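There are 2 protein chains.
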Amino acid sequence: MDASQNPGPVETEFETDPSRYRHWEVTYDGDIATVIMRVQPDGGLREGYELKLNSYDLGVDIELADVVRRMRFEHPEVRCVVVTSGTDNVFCAGANIHMLGSSTHAWKVNFCKFTNETRCEIEDAEAFSNQVYVAACNGTTAGGGYELALACREIYLIDDGNSAVSLPEVPLLGVLPGTGGLTRLVDKRKVRRDRADVFSTTAEGIRGKKAVKWNLVDGVFPRSKFDKKIRARAEALAARFKDSLLTGERTGVTLGPLSPSKEPGKRVYKHVTLEWDDATRLATLTVAGPSAEDVAIAQQGAEAIFAAGDQLWALRAMRELDDALLYLRVNLMDVGLVLVRTTGDAARTLAHDKALWAARGHWFVNEVLRHMARALRRMDLTSRSFFALGEAGTAFAGCLLELALASDRFYLLDDPDNVVQVGVGPLNAALPMSHGCTRLDAHLYGEPEKLEEVIGALAEGALYEPEDADDAGLVTVLLDDIDWEDDVRVAIEERVSQSPDALTGMEANLRFPGAENATSKIYARLTAWQNWIFIRPNATGPTGALTLYGRPERPRFNWGRV
Amino acid sequence: MDASQNPGPVETEFETDPSRYRHWEVTYDGDIATVIMRVQPDGGLREGYELKLNSYDLGVDIELADVVRRMRFEHPEVRCVVVTSGTDNVFCAGANIHMLGSSTHAWKVNFCKFTNETRCEIEDAEAFSNQVYVAACNGTTAGGGYELALACREIYLIDDGNSAVSLPEVPLLGVLPGTGGLTRLVDKRKVRRDRADVFSTTAEGIRGKKAVKWNLVDGVFPRSKFDKKIRARAEALAARFKDSLLTGERTGVTLGPLSPSKEPGKRVYKHVTLEWDDATRLATLTVAGPSAEDVAIAQQGAEAIFAAGDQLWALRAMRELDDALLYLRVNLMDVGLVLVRTTGDAARTLAHDKALWAARGHWFVNEVLRHMARALRRMDLTSRSFFALGEAGTAFAGCLLELALASDRFYLLDDPDNVVQVGVGPLNAALPMSHGCTRLDAHLYGEPEKLEEVIGALAEGALYEPEDADDAGLVTVLLDDIDWEDDVRVAIEERVSQSPDALTGMEANLRFPGAENATSKIYARLTAWQNWIFIRPNATGPTGALTLYGRPERPRFNWGRV
Chain A
1 MDASQNPGPV ETEFETDPSR YRHWEVTYDG DIATVIMRVQ PDGGLREGYE
51 LKLNSYDLGV DIELADVVRR MRFEHPEVRC VVVTSGTDNV FCAGANIHML
101 GSSTHAWKVN FCKFTNETRC EIEDAEAFSN QVYVAACNGT TAGGGYELAL
151 ACREIYLIDD GNSAVSLPEV PLLGVLPGTG GLTRLVDKRK VRRDRADVFS
201 TTAEGIRGKK AVKWNLVDGV FPRSKFDKKI RARAEALAAR FKDSLLTGER
251 TGVTLGPLSP SKEPGKRVYK HVTLEWDDAT RLATLTVAGP SAEDVAIAQQ
301 GAEAIFAAGD QLWALRAMRE LDDALLYLRV NLMDVGLVLV RTTGDAARTL
351 AHDKALWAAR GHWFVNEVLR HMARALRRMD LTSRSFFALG EAGTAFAGCL
401 LELALASDRF YLLDDPDNVV QVGVGPLNAA LPMSHGCTRL DAHLYGEPEK
451 LEEVIGALAE GALYEPEDAD DAGLVTVLLD DIDWEDDVRV AIEERVSQSP
501 DALTGMEANL RFPGAENATS KIYARLTAWQ NWIFIRPNAT GPTGALTLYG
551 RPERPRFNWG RV
Chain B
1 MDASQNPGPV ETEFETDPSR YRHWEVTYDG DIATVIMRVQ PDGGLREGYE
51 LKLNSYDLGV DIELADVVRR MRFEHPEVRC VVVTSGTDNV FCAGANIHML
101 GSSTHAWKVN FCKFTNETRC EIEDAEAFSN QVYVAACNGT TAGGGYELAL
151 ACREIYLIDD GNSAVSLPEV PLLGVLPGTG GLTRLVDKRK VRRDRADVFS
201 TTAEGIRGKK AVKWNLVDGV FPRSKFDKKI RARAEALAAR FKDSLLTGER
251 TGVTLGPLSP SKEPGKRVYK HVTLEWDDAT RLATLTVAGP SAEDVAIAQQ
301 GAEAIFAAGD QLWALRAMRE LDDALLYLRV NLMDVGLVLV RTTGDAARTL
351 AHDKALWAAR GHWFVNEVLR HMARALRRMD LTSRSFFALG EAGTAFAGCL
401 LELALASDRF YLLDDPDNVV QVGVGPLNAA LPMSHGCTRL DAHLYGEPEK
451 LEEVIGALAE GALYEPEDAD DAGLVTVLLD DIDWEDDVRV AIEERVSQSP
501 DALTGMEANL RFPGAENATS KIYARLTAWQ NWIFIRPNAT GPTGALTLYG
551 RPERPRFNWG RV
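Just so you know, the sequences run in chain order A and B.
The numbering used here puts the first residue of the first sequence at 1, with every later residue one more than the last.
The numbering used here puts the first residue of the second sequence at 1, with every later residue one more than the last.
There may be inaccurate statements among the hints.
[Stated by the list, open to error] Ranges of calculated distance between the beta carbons of each label pair, as one might list FRET restraints:
| id | chain 1 | residue 1 | chain 2 | residue 2 | range |
| --- | --- | --- | --- | --- | --- |
| 1 | B | V10 | A | R489 | 44 to 54 Å |
| 2 | A | Y549 | B | D471 | 17 to 27 Å |
| 3 | B | Q311 | A | S497 | 34 to 44 Å |
| 4 | A | T543 | B | V10 | 20 to 30 Å |
| 5 | A | I36 | B | E460 | 52 to 62 Å |
| 6 | B | N162 | A | D480 | 26 to 36 Å |
| 7 | A | G161 | B | V490 | 20 to 30 Å |
| 8 | B | N418 | A | G161 | 12 to 22 Å |
| 9 | A | Y549 | B | E493 | 37 to 47 Å |
Because the hints were derived from the structure by calculation, they are not lab data.
Just so you know, these numbers come straight off a predicted model, no measurement behind them.
Idealized CB from N, CA, C, for every residue including glycine.
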């Protein structure tokens with residue numbers, strides 16, 4: 001099946017900017033922004049499908065993610081973001097079905113993961129940046145369209161006797177509303193589970209007062225009053241979220257292009273380098289720590305950090321990491337293992353962390369920290385094995401130690417002839433995973449005394465020699481220079497020889513010890529079930545519902561319940 | 001693929017008793033029981049594989065489930081249960097790989113679900129019945145064998161220079177340790193996640209001091225001292241768990257056979273009837289509430305309830321429900337929707353509940369209540385749609401209301417000419433779901449005021465007329481007698497026409513609002529990923545690792561990471 005399907009363009013890039021948007025328009029009016037979805041039918045990322053009725057593909061969502069990210073950095077004055085449609089009679093019809101139907105399994109999975117991350121970024125903006133989103137559903141709101149609305153704080157639907165909200169995935173397509181839909185229905189909006197069952201199996205959806213009663217939307221307004229009511233609601237929310245403890249002039253910081261240089265098997269950014277080898281299915285991700293100059297700037301305080309803007313090391317390096325991870329996910333499908341290295345100086349990285357942390361009351365520094373957390377979360381959710389390798393000149397300290405803690409294993413060299421240090425600092429308590437706990441919490445879940453000890457050292461920061469780092473519980477395998485080469489080589493060879501599916505499933509389970517929350521339920525329970533369904537013949541086989549959608553034939557199901 | 005695979009025997013029955021055990025021996029010595037696994041290689045449930053090295057299939061696990069259940073009812077004096085092997089040099093090699101390799105996807109999924117439920121019952125016995133399990137791993141402990149040990153409170157491994165604990169599923173079979181293994185490693189035993197990664201990808205496993213250091217086991221003992229050390233540990237645990245607030249003479253209650261009568265399309269127990277129709281893919285599950293005599297017995301108090309033994313309505317009805325659900329799962333694969341009905345009298349059911357609740361301090365009543373909770377949990381985890389239908393003469397009250405709350409929808413007739421009542425009572429707060437909250441909590445998750453109101457009525461019990469039940473938030477659809485027939489018929493027809501896979505995934509998401517715990521992580525995150533992997537060619541395709549296990553060919557993987 002996969003072979004005949006379109007794996008996407010030769011190369012997918014995730015960077016964009018407003019001058020290149022094809023599908024979204026953003027207008028600003030004081031503390032209110034309006035994000036207008038107007039998908040160009042012929043603007044698909046690939047050939048072979050038309051993006052009718054504001055349906056979307058990855059390209060549309062890459063632009064939305066860019067809108068959401070820039071809103072925080074470039075428009076910090078905005079308190080309320082109204083998401084609405086510029087296409088007649090439809091708010092959004094969800095993911096394009098012909099795109100899904102003609103995509104490989106891997107493409108579908110990666111597409112859904114990215115769209116899920118974007119929806120979570122919308123909620124993150126509300127939680128940490130006082131930017132709240134309102135869905136102004138001025139037409140049909142179906143499937144992924146309603147899931148986009150569900151990520152907003154409030155949802156208003158036009159009451160025109162026709163427009164409904166709906167999740168028609170199960171009845172029409174034989175797949176799940178997998179972009180958070182089922183989870184947000186019952187866990188976020190707390191729609192009663194039996195009503196959620198009725199709603200999610202009713203293709204035509206629900207509108208009017210019943211939609212309000214079931215809490216599917218927060219209100220319905222007739223067409224004549226819709227814009228005015230939305231405006232009033234946006235003003236009320238903007239006022240409500242106006243107060244902030246964060247300081248600093250609310251002047252935006254432009255996110256310039258990253259413009260990595262590209263050569264075969266290599267992608268070089270300013271601070272990040274991604275190299276890969278198709279034959280060995282290995283990649284190396286190298287992140288350079290801050291320079292002495294970077295540290296000096298950060299130590300001058302919030303205003304100097306603000307002035308550094310998008311060239312601030314912590315922002316630029318993490319934007320590059322984010323882009324490299326996204327590139328890896330969809331372009332380097334056969335890479336199974338990523339070796340993670342850091343270069344620079346552990347003490348310097350800690351000093352930079354501490355300076356950022358001291359300035360965290362400034363809105364821009366807050367944004368930088370939140371962005372770091374999101375980029376690292378992208379790593380937790382990337383379906384590749386990661387081995388962190390700490391050799392001479394390593395800078396696995398503070399925010400860069402998070403790269404080792406996000407990795408499946410951390411190999412550290414213990415060699416008196418080389419300076420190898422591991423450091424912890426305040427940011428190790430400030431960059432939570434998607435299930436809400438820090439990577440230190442997750443890592444030392446079973447060793448509360450060690451956790452307490454490390455946490456006690458965070459505020460001041462601490463540098464550990466290799467043996468001490470091992471004693472602190474931070475290292476998977478400590479190796480002297482005699483064993484290093486062979487042991488690491490064998491571990492790598494073993495890893496890349498194992499079943500990629502089994503590894504993906506294993507890592508998705510082992511990386512998240514502790515309690516789940518609604519976000520991690522989306523990435524675990526919901527996503528795992530969707531991935532299963534995506535490969536079942538009842539969805540994607542020759543007579544599956546997704547395959548046959550829009551064709552005259554009715555799907556033919558194997559009725560066996562599994 | 002499925003067509004060429006063995007779907008299991010024509011009919012699988014789940015009832016057994018000690019006189020029929022082929023694979024287990026149980027000995028009793030005061031408050032310590034020893035459960036000895038000695039799997040008969042030629043005792044498989046189906047032809048085509050040999051159960052070598054204490055590997056197991058569903059038949060072996062059905063016996064284990066019976067051991068665990070009878071231990072609580074028939075041997076309430078037992079405080080510590082030692083699980084060990086009677087087969088040389090091996091504790092347990094896990095699920096039989098040739099059985100898995102030759103099973104349909106559905107059989108694998110159902111097999112894993114049942115084995116997971118049994119492991120959870122072992123933990124339930126510790127939590128609620130002061131019966132603690134100790135794994136005495138007197139030989140190789142691999143895969144599902146180690147997962148069985150992980151369900152025990154403590155794990156001891158023989159230190160013979162050879163025997164190791166291992167989870168070789170990922171490296172050898174390309175599937176997950178899906179019987180709770182990955183979850184219990186990091187969430188229960190809190191093995192550090194990077195160590196869990198190393199352990200779960202190392203086919204030969206880990207033994208000796210390292211196994212202790214990593215908390216994979218609680219201790220290792222040399223062969224010469226193994227039995228003595230285990231005995232000492234069992235005695236210490238038995239002493240520690242001796243005290244109990246529960247009253248009553250600790251004399252066992254024998255669980256007699258249920259012996260349903262069977263005819264085509266029908267299975268009739270004393271209180272439960274299961275009927276099905278292959279053409280419409282519909283089943284009806286009818287549970288009869290307690291009789292006036294049943295209530296009179298219960299109201300006489302703990303000793304009378306104890307004297308009723310396995311004929312007590314609440315025990316017998318729930319054992320029958322449990323058996324019917326298990327029968328349905330593996331024998332009626334194409335049934336997509338189960339209509340759930342209750343007969344009897346709502347007030348009588350509540351009276352019976354209240355009498356049980358009043359006597360809950362007696363060990364036997366406690367066992368009955370815990371058993372009810374487990375049977376109902378089996379329903380939450382059954383991959384069939386359930387519609388509860390409350391018509392005239394319905395007894396959806398108290399513990400039987402749980403059947404409606406466990407259902408995906410609850411249709412209730414509102415007809416003044418018929419007595420239709422819905423009742424709540426103390427047991428609605430006493431029968432938690434697998435993620436720890438009650439079905440009322442889950443049902444009214446978004447309506448805390450309604451929840452408070454219902455909870456306030458539980459102690460005394462309350463009977464609601466149809467409209468009041470609807471106002472209380474307990475009913476999905478309230479219909480008068482004019483609409484009932486058509487509306488219910490249409491709902492049924494729609495449900496059975498939809499993709500069974502999508503419905504399974506949807507229900508697995510909607511049924512569990514709120515927080516996850518380790519148990520629900522096993523059924524959600526871990527199981528969903530395993531189900532996905534079970535259908536991926538890298539596991540079960542012609543060159544997949546599970547398919548080729550034990551053959552000379554090496555598996556050939558598609559290296560794409562998804």
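Would you pick out the hints that fail for this structure and give their numbers low to high? Hints 2, 3, 8 and 9 are the ones this structure does not satisfy, whereas the remaining hints hold.
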